[in-house]
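Visitor: Go ahead and model the full structure; you've got the sequences and the hints to work with.
The listed protein sequences derive, respectively, from chains V and B. Per the numbering used here, the first sequence starts with residue 542, numbered consecutively. Per the numbering used here, the second sequence starts with residue 2, numbered consecutively.
There's no promise every hint is true.
Claimed, not checked - Away from chain B, derived, C-beta distances all over 12 Å, residues of chain V:
#1 Ala-684
#2 Trp-955
#3 Leu-1078
As the list claims (entries may be wrong) - Listed below are several chain B residues computed to face chain V (Cβ distance under 7 Å; list not exhaustive):
#4 Thr-32
#5 Gln-40
#6 Leu-42
#7 Val-59
#8 Asp-63
#9 Cys-96
#10 Tyr-136
Said to hold, decoys possible - If you want the footprint, here are the derived chain V segments under chain B, 3+ residues with CB under 8 Å:
#11 801-811
#12 875-886
#13 1098-1109
#14 1177-1188
Rather than coming from a laboratory, the hints here were simulated on the basis of the structure. Computed from a predicted model, the values in this text were never measured in an experiment. Beta carbons: idealized from backbone N, C-alpha and C, even for Gly.
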Amino acid sequence: MLRRSFIQTSTLAVSSLIVGFSVLEQKAVAATAGFENPWIRISSDNSVTMVAMRAEMGQDVYTTFPLIMAEELDYPVSLVKVEMAPFNPAHYGNLSPYFGGMQVTGGSQSVMSHWTQLRTIGAAARTMLVQAAAGKWGVSPAACTTQDGYVMSGALKASYGELASLAALQQVPQSPTLKNTQDFKYIGKEVARLDTKAKVDGTAEFGVDVRQPGMLAATVARCPVMGGKVRSFDAEAARKVPGVQGVYQIEEGIAVVAIDYYVANLARGLLKIDWDLGDTSSRKDTDTIMQRLRDASKKPGAVAKKAGNSAEPMAGAATVLSANYESPFLAHATLEPVNCSASIANGECHVSGPFQVQQFVHAVAAAIAGVPPEKVFVHTSFIGGGLGRKSMFDFVQEAVTIAKVSGKPVRLIWSREDDTQNDFYRPASVHTLEGGLDTQGRLIGLTAKITSPSPSIDKVPAWVSNGVDLYMVEGLADVGYDLPNFRAEAVIQDVGVRVGFWRSVSYALNAFAIESFIDELASAAKRDPLEFRLALLQKQPRAVAVLKLVAEKAGWGKPLPPGRFLGIAQTHCYGSYVAVVAEVSVKDGQPLVHQLSCAVDAGIAVRPNQIEAQIEGGLLDGFSSAMFQKISFKNGQVEQENFDTYKMLRFEDVPLVHVHIVKTDNPPSGIGEAGVPLAAPAIANAFALATGRRLRKLPFLDA
Amino acid sequence: MDIKVNGVNREFKGDPNTPLLWVLRDHLNITSLKFGCGQGLCGACSAHVDGKLTRTCVTACDELEGKNLTTLEGLAPRLSQALKSAWIQVDVPQCGYCQTGMIMAAAALLDKNPKPSDEEITAAMNKNICRCGTYSRIRRAIHIAAKALA
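Guide: Written out as structure tokens, the structure is:
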């Protein structure tokens, strides 16, 4: 269903209304023959195709984007055909201020960054159809109405398809009238996902499913220690395995190309490789790494935010508290392992797979393939879990290199062990916090410092300025509490482990520290943790609303079953306001989580069922990482390999989850990552109330 | 060797140790079964061998001799339809990668136990991993499918 030709014929363009968006000019554009990058294409048979210009990795843009356009177009969303966008940042670049127009999916930015443009494009197309009908019928556009793919005026009625070619001749309105929110027919309503059928009947094409004639399977024998290089190798036995088509040394190790995945990996196992492990002293073991971070955390950090007496925020405090928190490295562990298919032939390079950043894929493929950039074609499949891992391009580099050296079309699929041991891990971190209370128990000063490797510094250096990586201080520099005296700091400390962007990036690290520490301060002030927070959030009505709602729904302050305790936490992330209550008991001296309740204000709830699903999944991601996940090192090597050693959430582990959506008229905000950060602090806070013991180190069930 | 997939004999000329997953995916072009772990730990590759839930990533194709392998495409139509409809009704999938394996595991469960309790669902489905955390929706969908089949 995802296969399509790259060249749309001019006949199609002439008989269709095609409306798109120019990222460079920041305006709606339309309908000229040869314009191949629409957002909406209305064909003469009344079919409507919309392009998902962000990748679909479960977060639902495949439905949400068409839904927003269909709302303004007045076309039944269930009938929309969806195509994945090809690479073309001029038309499909991300409109988020973070991404500089690059074609990227990430940062929970998709709906919030494209909301206005999606509506505008839908409304522009609708306006052009109305103008076409009005002209044809000799009536005023104001005398025309639209409904479900038809324009009507009195007894006259024409389908969008019938009007498409006429509509294509109209001028594209740049500021078409948008619907009033109370007139929404799809937005805010229960609309079924458009990709569910393909995902339950097995026809959805993920990266691993890409098939082309003559395509071979590829695998790469990598150094057991990341960054190691091949000194020498003997491939005699490997080459003799029936079905092996070639063995090649590439930068990352030794690549084997064979008729199928099994043969490729069987042969890989027979390679004799002498590895130069390189210098692994900095990541000798987990203790060495964490000690290095602890040592670095004692240094003054780069200041990310300050307020009041930021030099001495504790001045005048009657009570000063301090605490440190630690988080481990985490693997993304997407269920679809990292993979990429590549072919180089006839002067063209085609790259297919689960890509979050088409811009990187295109650039890397062009550099390796040795064909002009305009001859590099990026085909984005459904993504079987992205979580930030598939924003990287190491696997693209490998696949295109192997296609080049072998001269064959190849499908590279990493083994689970490859995937676990060669990730761009969520950074391990150490947090150092200090808080001052006055004699009334009010919080008058706070300092918060994160020490970790920088996820951005080697990828998008522009995200690091004056020693502060934007993606280390989310929810730390912009903590929502009203603090008279405040200083947030970051210390970037490389520890020889490659790190990256893991769902909710630093929000999760910072929320664990900040929201745990707020409870420690509330306890020292002898205040109820909810009341303590509300007092600090008087200028944040949306934060207050979600806190109050989740407290009410979870039974805060009400009698609980014996042995049960509630912990609360809140944050403002991706533009959304989130609050969580965890209901916890103590089993064998450890937290046992019974329920997680969440209230979320993501502005206009575009598709409430999707918000509920994302928050539910996010909370469980936060829960499993808080409870039992970690990546550890021994002799420079990652200790975990597969799901027996890197524990994943299973049916038996899942607590009850309740999601309460607060609908507001604010523009839609991010939701894909917003559920992740608060499970850890809410659980730690409940556990402390139950036992008097603070959990300051993740994961909680670490032996 | 000949292997029987969804009631049809198919020829496979490769190594008889090849796991069924790769025979199906790389030779017979049946890609509804997914690769997740290669060690029988995640259930993404689930199929049925003579009705029994099987992890095809750790089952060599010569173990299929004399038996029939059923993939999602070959499930009994009534069972298949009930499960897919329930999954669609509950809007279960997010990324969707695990879901075909989940449906195969649920089909094996309902085949033996037409009205499973929550505990029985947990026990039967516990070897299947969903990285998006759709577990409670899967549970709801299984109950709905069970009711539809009753």
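Visitor: Hints first: check each against the structure and report whether it holds.
Guide: Quick rundown of the hints versus the structure:
1. Its beta-carbon lying about 40 Å from the closest one in chain B, V:Ala-684 satisfies the requirement of being farther than 12 Å from that chain.
2. A cut-off of 12 Å between C-beta atoms contradicts the statement that V:Trp-955 is not in contact with chain B; the least separation is 10 Å.
3. Every C-beta of chain B lies more than 12 Å from that of V:Leu-1078, the closest at about 29 Å, which supports listing it as non-interface.
4. Interface restraint check for B:Thr-32: the shortest CB-CB distance to chain V comes to about 4 Å, inside 7 Å, so the restraint holds.
5. The restraint placing B:Gln-40 at the interface with chain V holds, with a minimum CB-CB distance near 5 Å, inside the 7 Å limit.
6. Hint status for B:Leu-42 relative to chain V: holds, with the closest Cβ pair at about 4 Å, below 7 Å.
7. A hinted interface residue such as B:Val-59 counts as satisfied when its beta carbon comes closer than 7 Å to some beta carbon of chain V; here the least separation is about 12 Å, so the hint is violated.
8. Checking B:Asp-63 against chain V by beta carbon gives a least distance of about 13 Å; that is not within 7 Å, so the hint is violated.
9. A cut of 7 Å between beta carbons decides the hint on B:Cys-96: the least distance to chain V is about 3 Å, and the hint holds.
10. Using the Cβ-Cβ criterion of 7 Å, the hint placing B:Tyr-136 at the interface with chain V is satisfied: the shortest such distance is roughly 5 Å.
11. Restraint check on the segment 801-811 of chain V versus chain B: 5 residues with Cβ-Cβ distances below 8 Å, three needed, restraint holds.
12. Against chain B, the segment 875-886 of chain V contributes 4 residues with a C-beta closer than 8 Å to a partner C-beta. That satisfies the three-residue criterion, and the hint holds.
13. Under a criterion of three residues with beta carbons nearer than 8 Å to beta carbons of chain B, the stated coverage of the segment 1098-1109 of chain V fails, only 0 such residues being counted.
14. Coverage of the segment 1177-1188 of chain V by chain B holds [criterion: at least 3 residues with CB-CB distance below 8 Å; count 3].
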